[in-house]
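Number of protein chains: 2
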Amino acid sequence: SKRLEDRVVGIGSKTMKLGKDDPRRIVHSFKVGLALSLVCIFYYFKPVYDSYGDSAIWAVLTVVVVFEFSVGATLGKCINRGFATLLAGALGIGAHELATLAGEKGEPIILSVLVFLLATAATFSRFFPRIKARYDYGVVVFILTFSLVSVSGYRVDEILEVAHQRLSTVAIGGMICVVVSIMVCPVWAGEDLHKLVAFNIEKIADFLEGFGGEYFAREGDGESTVASKSDKSFLKGYKSALNSRALEESLANFAQWEPFHGHFMFHHPWNQYLKIGALTRQCAYQVEALNIYVNSDIQVPEEFKKKIQEACTNMSLETGMALRELASGIRTMTQDHATNIHVSNSKSAAENLKTNLMTTALPAYTDLTRIIPAATVS
Amino acid sequence: SKRLEDRVVGIGSKTMKLGKDDPRRIVHSFKVGLALSLVCIFYYFKPVYDSYGDSAIWAVLTVVVVFEFSVGATLGKCINRGFATLLAGALGIGAHELATLAGEKGEPIILSVLVFLLATAATFSRFFPRIKARYDYGVVVFILTFSLVSVSGYRVDEILEVAHQRLSTVAIGGMICVVVSIMVCPVWAGEDLHKLVAFNIEKIADFLEGFGGEYFAREGDGESTVASKSDKSFLKGYKSALNSRALEESLANFAQWEPFHGHFMFHHPWNQYLKIGALTRQCAYQVEALNIYVNSDIQVPEEFKKKIQEACTNMSLETGMALRELASGIRTMTQDHATNIHVSNSKSAAENLKTNLMTTALPAYTDLTRIIPAATVS
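Keeping their order, the protein sequence lines are chains L and F.
1 is the number of the first residue of the first sequence in the working numbering; add one for each residue after it.
1 is the number of the first residue of the second sequence in the working numbering; add one for each residue after it.
Check before you lean on any hint, since a few could be wrong.
Intra- or inter-copy, both count: the list cannot distinguish identical chains.
[To be verified] Below, a list of computed lysine-lysine pairs in the BS3-like style, where the Cα atoms sit at most 30 Å apart:
#, residue 1, residue 2
1, K236, K105
2, K132, K2
3, K275, K17
4, K239, K195
Since the hints were made in silico from the structure, they are not lab data.
Bound-form chain L, shown alone (with noise of 0.2 Å):
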């Protein structure tokens, strides 16, 4: 019993930590918990339950399916959701046409053949990149709903009637859930996005600024060392931008399903903070590189350690100083001219080291000179 009483309190321990790291989570819970319970006292006024009779499932299932963390994935799943389920329903029908042609026999015949040939040409289109990255769902609700209506075995008028019925069922339990996820605290896709790439470029800043005290202090007194070790967290955080790359193509995604909000236009670049965020990990491979090389064991010389000493830890200064600039420029939306002083200065500093001699820091150096379209982009 004492296990499973740490069980429980470490469960309730990642409880606490997930809600605190991101509170929208816990208003994202409550928001699909208000949702569903709309729709099922909705379902429970007996008018509605009469006219919609079984159909009614469709919006509970419409809700769970559909209802997603930020504004632009259920927007764009709402939407994916109602095109597809007319353009089915349509060809279904049409189907159905076709296939009571061939009399009692050759019904179900033609029917399987059809479902045969949509599907799989549908499920071939999923493969498409760019079909794969807005309308997936799309097409599996397609796929879903054509098979539905072409096998339902009923007659055109009572599929005309059905369809009537299952169309205004999905679109309400739609609109129900449209309006919850932006009513209550939204999650805008895009706001998300806009933060993210500052923040990776911020704590790619963090690790240059920081960089070379760190590896300068090292062999120097013990006890420095022991006080830049404590705190030394500035360091790691940088590698939340080496995988970034799924994230923000996601987010880009669901933001342009996004209307109108805060700063954002619905026709917002999104595509720039991809290349923004690409430049960025590209700055992000070189620190890592950079860093790893800092904690292997290799052994430098110190008198050439102590040559290059002040240029390397300008460089990066200067360096971190300028990106820092650059991300709270994307933050604020203004371009900044700081920003060039301190491109310049690390530029001025490289020059200095590389007169010295060079190459230890060279990465940081091709880092900056990468970054600078970015800050032309923005």
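Given chain L, work out where chain F should sit, using these hints.
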């Protein structure tokens, strides 16, 4: 019409390319079509139709939603769906019983509150990384089934009847998926992971083996530069390793659901592949840093370059060969002693270089010391 023609041709050639890159995509599309038609045919037999009634649409729904590219993903979803449906059904019946105690008026209120609480808790549980990775789909099905059952408005004996029907149709849909997935050209996630990890290491080996020649030939005679540029693709191959983390993790995840196949047991240590993959990515970051450095316009004195040429080229070549041995060791699942020879060759080349002077290619050296643990892991 010319433009339309161009577009059609464009889509056609893209389709060809998708199919050629991985013919299993075409096979997979046909498999989905086959599974769906099987369900449709099954559904058309009158006896089935009569006894299963409307709930047979759940078989179609199951096939569309559950059928995935690899056997592991399909099996995982089936198992998730099965258990979640059972658990949620049982809980839903309990909720129903509880609600009827509250009488005509209290029933909808109690049910809504219960749906709200369970949906909130279940949605929050999806944020736990472990649950997200393996049971995400199960949680969604759980919320869905619980809401449907508790809201259905049937009496309990009716519910049991409906539940029995629905479970058997879901089981039929799932069975058809699993059988088609395993019997017709199966795609094993585990095998894909195995190959992917080896492939990424090979790509880095390609780069390292070609790197020395490429870098030092650059400022040689014009002819050789042109020649080396024509087949530069080997210098880009490693880029696939940079962003492979998400793919590797999902493959390892799917692989855990897969039964015994080929050389792989049911409890093959898939997580070890993730570790090798992480080390490979570290190498790829180093290589990326090296590559950016090489492609930048930094001028290095010619005599310095000449001094380090031989040692660098050797080191890089031997590292590349060591990695290639490692990769083929992974592919054939054997341990090879040739690797150690290359490693020690490369180390001595590095020592050689160090005594001359150093640092340009040092990242490649730290590289190697990092990859060695991978050999012991595999």
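Comparing the hints with the structure gives:
Taking identical chains as interchangeable, the C-alpha atoms of K236 and K105 are never at most 30 Å apart, the minima being 69 Å within one chain and 58 Å between chains. Taking the closest pair of Cα atoms, K132 and K2 come within 30 Å of each other only across two copies (28 Å); inside a single copy the shortest separation is 48 Å, beyond that limit. Proximity of K275 to K17 under the C-alpha cut-off of 30 Å is restricted to the inter-copy arrangement: shortest distance 26 Å between copies versus 32 Å within a copy. When the C-alpha separation of K239 and K195 is checked against a cutoff of 30 Å, the pair qualifies both within a copy, at 16 Å, and between copies, at 26 Å.
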